[in-house]
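2 protein chains.
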Amino acid sequence: MKDVFVAGVGMTHFGKFLSRSLKDLGRQAVTETLRDAGVDVAALDAAYVGNAVGGLITGQEMIRGQVILSPLGISGIPIFNVENACASASSAFHLAWSAVASGQHDLVLALGVEKLATQDRQATFEAIGTAIDVEARAEIEDLHGRTGQNRSIFMDIYADLTRAFMARSGVSREDFAGVVVKARQNAAGNEHAQYRQPTTIDEVLDSREVVWPLTLHMCAPIGDGAAAAIVASRDGLDRAGVLATRPRVQVRASVVRSGTSTTGGEPGSARAAIRDAYEAAGLGPMDLNLAEIHDATAPAELMAYEHLGLAAAEDTPALLWEGVTGIDGEHPVNPSGGLLCRGHPIGATGLAQICELSWQLRGRAGRRQVDHPRIGLTQNGGGWMGHDSAAMSVHILERSSG
Amino acid sequence: MKDVFVAGVGMTHFGKFLSRSLKDLGRQAVTETLRDAGVDVAALDAAYVGNAVGGLITGQEMIRGQVILSPLGISGIPIFNVENACASASSAFHLAWSAVASGQHDLVLALGVEKLATQDRQATFEAIGTAIDVEARAEIEDLHGRTGQNRSIFMDIYADLTRAFMARSGVSREDFAGVVVKARQNAAGNEHAQYRQPTTIDEVLDSREVVWPLTLHMCAPIGDGAAAAIVASRDGLDRAGVLATRPRVQVRASVVRSGTSTTGGEPGSARAAIRDAYEAAGLGPMDLNLAEIHDATAPAELMAYEHLGLAAAEDTPALLWEGVTGIDGEHPVNPSGGLLCRGHPIGATGLAQICELSWQLRGRAGRRQVDHPRIGLTQNGGGWMGHDSAAMSVHILERSSG
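Chains as they are written, first to last, in the numbering used here: chain A, 1 to 402; chain B, 1 to 402.
Calculated from the structure, these hints are not laboratory results.
Among the hints, erroneous ones may be present.
Any copy will do: because identical chains look the same in the list, a pair fits if it lies in one copy or spans two.
Simulated pairs of lysine to any residue, SDA-like, Cα-Cα distance not exceeding 25 Å [what the hints assert, rightly or not]:
#	residue 1	residue 2
1	LYS2	ARG121
2	LYS2	GLN250
3	LYS16	ARG271
4	LYS16	GLU135
5	LYS2	ASP45
6	LYS2	ARG374
7	LYS16	GLU32
8	LYS16	ARG121
So here's chain A without its partners, still in its complex pose (with noise of 0.2 Å):
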């Protein structure tokens, strides 16, 4: 397998739209992509399209990435529209990075693109609704719980899941909110991010309850926007001359999983992509400079530190009250403001944790800099099958000195 780098990264800001379109957005991460990278369009030779709901919401299915990226002058080459809920744009961002590693292509684009705000709300959380089985509705409905429906059901499963979690950890809601605490003020710092306003351990324990123990501030928002990455070999560095200008951004793993549904207990899909990811990059989790991991719901973010090898269970609070975890910690976690607070346009995700990285390794984050890292993790989970993760992936990334 090649090496693979990450040649150029760019998104749009995240937040509600209703005047922007799926296109409108895809085309914009990708331009800024392009001049990031430094990368005309006749020198890609294939692109990666990640979205989830774009055929509910807009009633485009089927040949999204072209539509968009057509007009750009992108056509001719191989274009793949790959949908994975949650983890779209990462599992496109994994079939970049898998041509380029296997020498097919020297030169792709991955693109995550999603619109959720509409006039109408309940049709998006009945689209989001759609990455479960759904003629298990029922069932899994019963499985986590569930009691209304003006909500996605991924809250009623997040939910169930935190209860567990608090009843074998201890942790508590107060530990959730310190979480929120956090990501607003990371995301204070991040012009893409769509809540940027300080707030308190009150305030996010006072907001409206969505499912018990989750308030409406600890969930990441509905929102729009678009992300992408110009994936390279070194062949590729070189055409797009991105080799002599800059510290080089290096995937040093990329897993892309479906969790195992069909056994009961705790999901073991992060666990076990992370360590997947780890054994691929001879790493662990002490050599993390920092991570972006998919707190969908502020409880998922003390999950990934114990997921991530960081702390037991019980311990993960004291990381995050002892700063560890904090930008200027040993290991920062979710920098950005992570999905609680940069947002969560669920197809864009993966690729917005890629971008993040990469500006964080090049030393180009700016008031949320983290203090010169050279490895960084995304872990980004898709879909729910009952017991586990339809999709699970993880990307390590390295500032690269060879």
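Use these hints to put chain B onto chain A, whose structure you have.
Same frame as chain A, now just chain B:
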């Protein structure tokens, strides 16, 4: 790049099965494929699942592959959901090929599955119509002279392309009817085919006009079905125990590209993809012992003769009438009956073509067996960007002695 083989194939019957679901169809094709390859689910490294309109027809978006495969015990591995309209299955097969060629995986599954037949025919036409830029629908309808709504827009597009082909080649409607007569003859020997009754030139010409010059029998039918393949490296073949027991089928070329939709004139993606595949395999048209091509309407078969380099446009009918492209001819085309008669469950078709080639190359095609073929080609197109296909895929397979 490593050598890549088709270790086994399987498909459902194609047809209108009102009582069968996407899951049911997909699982049958996978089960038969695993049996054909002699592979246990536990041996699979990854799965690539092509489907086009399942989200609109069944309400299941984003994780269709996981939902279909998980109850078979296929979980814990990477699963990717791939959409490329009528080329979804060949796109999934290409990604499977790419993962094995790269050395990333040794034994992977490619599945194409589609459910089109429901009580609501108009809804199916509308779903298929999302394989264009839905925001440019009026413009594309105008461009191709669409006059009615009781059919898929693709019939208007094909009719328009056909009129242009007739004008420059002198090919007639009788020639197109001849393609259908041949397809029915071939399909009579294919138990998986949807239409197996013999027909006549007059019957084809006298069937209801869909859009001039196309009659109903010149158009591939709405239908349901699934087809799959196990794609393997040499190590994967060893693991599966396929090596010793039968002729090996090797993938000599795997090409996917989008059309160059921003330019006018005749669509060039089929020619370009075929040229690239010939170049990758070091072969030319005279090497083809058979081809399975994308005859969504009958004229497409004659156009394909030209694109394949078998004849100039005006000479294509002679190939048909002189039997050159019949099962016993020098270059048999669509011995399966093609899309016209095997049927066209759109996201399954590309892998049904791979099934047919594999069976033919292994000498397992029964009454429709071509005499000892060594080289076969598939061509599968999907979606429409106004002037060219959104996705065009060509594969070359060889019965391998090495």
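Hints versus structure:
1. LYS2 to ARG121: neither (45 Å within a copy, 49 Å between copies)
2. LYS2 to GLN250: both (11 Å within a copy, 24 Å between copies)
3. LYS16 to ARG271: Answer is neither; intra-copy 32 Å and inter-copy 43 Å both fail.
4. LYS16 to GLU135: between (30 Å within a copy, 21 Å between copies)
5. LYS2 to ASP45: Cα proximity of LYS2 and ASP45: in one copy and across copies (16 Å, 20 Å).
6. LYS2 to ARG374: within (20 Å within a copy, 33 Å between copies)
7. LYS16 to GLU32: within (20 Å within a copy, 47 Å between copies)
8. LYS16 to ARG121: within (12 Å within a copy, 36 Å between copies)
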